[in-house]
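Full structure from sequences and hints, please.
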Amino acid sequence: GAVVSQHPSRVICKSGTSVKIECRSLDFQATTMFWYRQFPKQSLMLMATSNEGSKATYEQGVEKDKFLINHASLTLSTLTVTSAHPEDSSFYICSAREGAEGGETQYFGPGTRLLVL
Amino acid sequence: GESVGLHLPTLSVQEGDNSIINCAYSNSASDYFIWYKQESGKGPQFIIDIRSNMDKRQGQRVTVLLNKTVKHLSLQIAATQPGDSAVYFCAEIPNAGNNRKLIWGLGTSLAVNP
Numbered sequence: 001g002a003v004v005s006q007h008p009s010r011v012i013c014k015s016g017t018s019v020k021i022e023c024r025s026l027d028f029q030a031t032t033m034f035w036y037r038q039f040p041k042q043s044l045m046l047m048a049t050s051n052e053g054s055k056a057t058y059e060q061g062v063e064k065d066k067f068l069i070n071h072a073s074l075t076l077s078t079l080t081v082t083s084a085h086p087e088d089s090s091f092y093i094c095s096a097r098e099g100a101e102g103g104e105t106q107y108f109g110p111g112t113r114l115l116v117l
Numbered sequence: 001g002e003s004v005g006l007h008l009p010t011l012s013v014q015e016g017d018n019s020i021i022n023c024a025y026s027n028s029a030s031d032y033f034i035w036y037k038q039e040s041g042k043g044p045q046f047i048i049d050i051r052s053n054m055d056k057r058q059g060q061r062v063t064v065l066l067n068k069t070v071k072h073l074s075l076q077i078a079a080t081q082p083g084d085s086a087v088y089f090c091a092e093i094p095n096a097g098n099n100r101k102l103i104w105g106l107g108t109s110l111a112v113n114p
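Residue numbers (our numbering), protein chains in the order written: chain Y, 1 to 117; chain H, 1 to 114.
By construction, these hints were calculated from the structure, which means they are not laboratory data.
These numbers were taken from a predicted model, which means no experiment stands behind them.
Possibly wrong hints are sitting among the right ones.
[As the list claims (entries may be wrong)] The calculated lysine-lysine pairs, modelled on BS3-like cross-linking and capped at a C-alpha distance of 30 Å, are:
hint, chain 1, residue 1, chain 2, residue 2
1, H, Lys68, Y, Lys41
2, Y, Lys55, Y, Lys14
3, H, Lys42, Y, Lys41
4, Y, Lys20, Y, Lys55
5, Y, Lys66, H, Lys42
6, Y, Lys41, Y, Lys14
7, Y, Lys55, H, Lys42
8, Y, Lys55, H, Lys101
9, H, Lys42, H, Lys101
10, H, Lys56, H, Lys71
11, Y, Lys41, Y, Lys66
12, H, Lys42, Y, Lys64
13, H, Lys71, H, Lys42
14, Y, Lys41, Y, Lys20
15, Y, Lys66, H, Lys101
16, H, Lys101, H, Lys71
17, Y, Lys20, Y, Lys64
18, H, Lys42, Y, Lys20
19, Y, Lys14, Y, Lys64
20, H, Lys42, Y, Lys14
21, H, Lys68, H, Lys101
22, Y, Lys41, H, Lys71
23, Y, Lys20, H, Lys101
24, H, Lys56, H, Lys68
25, Y, Lys64, H, Lys101
26, H, Lys56, Y, Lys41
27, H, Lys101, H, Lys56
28, Y, Lys41, H, Lys101
This is how it looks when you write it as structure tokens:
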């Protein structure tokens, strides 16, 4: 149980284009999903927290207009990197949490490797 | 805020030996702790968790120890196998003030020698 998927696993795009990454909880309903970014040999950096049906809460320094997050259902959240630039190249990871009654452990997706040329 | 590591400490062990990975956590008000395993190019995988009202918790081949006095968390892996090679992260959740978000440790790279 507690499986989270991400799609795509890898994406290469040209500078200036937008890229959408999907995060799905496959066998549970996720009231909260999190989006992280990870640089090589570093721990995960939280970008934003999204609750189903409400606006995402962004961490300090993360541009909400640059990284659009939509959590339209209890099993799907999307992250759109708009007008991507080479410095946006990174490993993006989502996680999902059932909520207070289902526990607060975050279960992670396999990650999406983004390369912006 | 979340801690971001600048480098990864490395632990190298022989296959079959026991491994101990240590973590110093930052917030004395944290009440929930989790160990994650991250293999190269993959997302973190939940290993084991422990709440602050416990000192020890055992899973399959893994044991987590919590010492609240010195804010120290450890992960013990018995009979370490090559498949255990990965980066291990501890994470904590403070009991108030941050919406139950994870605060990450720096991570330790475990290398298992056959």
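Quick rundown of the hints versus the structure:
{"no.": "1", "hint": "Lys68(H) - Lys41(Y)", "verdict": "holds (28 Å)"}
{"no.": "2", "hint": "Lys55(Y) - Lys14(Y)", "verdict": "holds (28 Å)"}
{"no.": "3", "hint": "Lys42(H) - Lys41(Y)", "verdict": "holds (13 Å)"}
{"no.": "4", "hint": "Lys20(Y) - Lys55(Y)", "verdict": "holds (17 Å)"}
{"no.": "5", "hint": "Lys66(Y) - Lys42(H)", "verdict": "holds (24 Å)"}
{"no.": "6", "hint": "Lys41(Y) - Lys14(Y)", "verdict": "holds (25 Å)"}
{"no.": "7", "hint": "Lys55(Y) - Lys42(H)", "verdict": "holds (28 Å)"}
{"no.": "8", "hint": "Lys55(Y) - Lys101(H)", "verdict": "holds (17 Å)"}
{"no.": "9", "hint": "Lys42(H) - Lys101(H)", "verdict": "holds (21 Å)"}
{"no.": "10", "hint": "Lys56(H) - Lys71(H)", "verdict": "holds (14 Å)"}
{"no.": "11", "hint": "Lys41(Y) - Lys66(Y)", "verdict": "holds (25 Å)"}
{"no.": "12", "hint": "Lys42(H) - Lys64(Y)", "verdict": "holds (25 Å)"}
{"no.": "13", "hint": "Lys71(H) - Lys42(H)", "verdict": "holds (29 Å)"}
{"no.": "14", "hint": "Lys41(Y) - Lys20(Y)", "verdict": "holds (25 Å)"}
{"no.": "15", "hint": "Lys66(Y) - Lys101(H)", "verdict": "holds (22 Å)"}
{"no.": "16", "hint": "Lys101(H) - Lys71(H)", "verdict": "holds (18 Å)"}
{"no.": "17", "hint": "Lys20(Y) - Lys64(Y)", "verdict": "holds (14 Å)"}
{"no.": "18", "hint": "Lys42(H) - Lys20(Y)", "verdict": "holds (19 Å)"}
{"no.": "19", "hint": "Lys14(Y) - Lys64(Y)", "verdict": "holds (21 Å)"}
{"no.": "20", "hint": "Lys42(H) - Lys14(Y)", "verdict": "holds (24 Å)"}
{"no.": "21", "hint": "Lys68(H) - Lys101(H)", "verdict": "holds (20 Å)"}
{"no.": "22", "hint": "Lys41(Y) - Lys71(H)", "verdict": "holds (24 Å)"}
{"no.": "23", "hint": "Lys20(Y) - Lys101(H)", "verdict": "holds (24 Å)"}
{"no.": "24", "hint": "Lys56(H) - Lys68(H)", "verdict": "holds (11 Å)"}
{"no.": "25", "hint": "Lys64(Y) - Lys101(H)", "verdict": "holds (19 Å)"}
{"no.": "26", "hint": "Lys56(H) - Lys41(Y)", "verdict": "holds (29 Å)"}
{"no.": "27", "hint": "Lys101(H) - Lys56(H)", "verdict": "holds (23 Å)"}
{"no.": "28", "hint": "Lys41(Y) - Lys101(H)", "verdict": "holds (21 Å)"}
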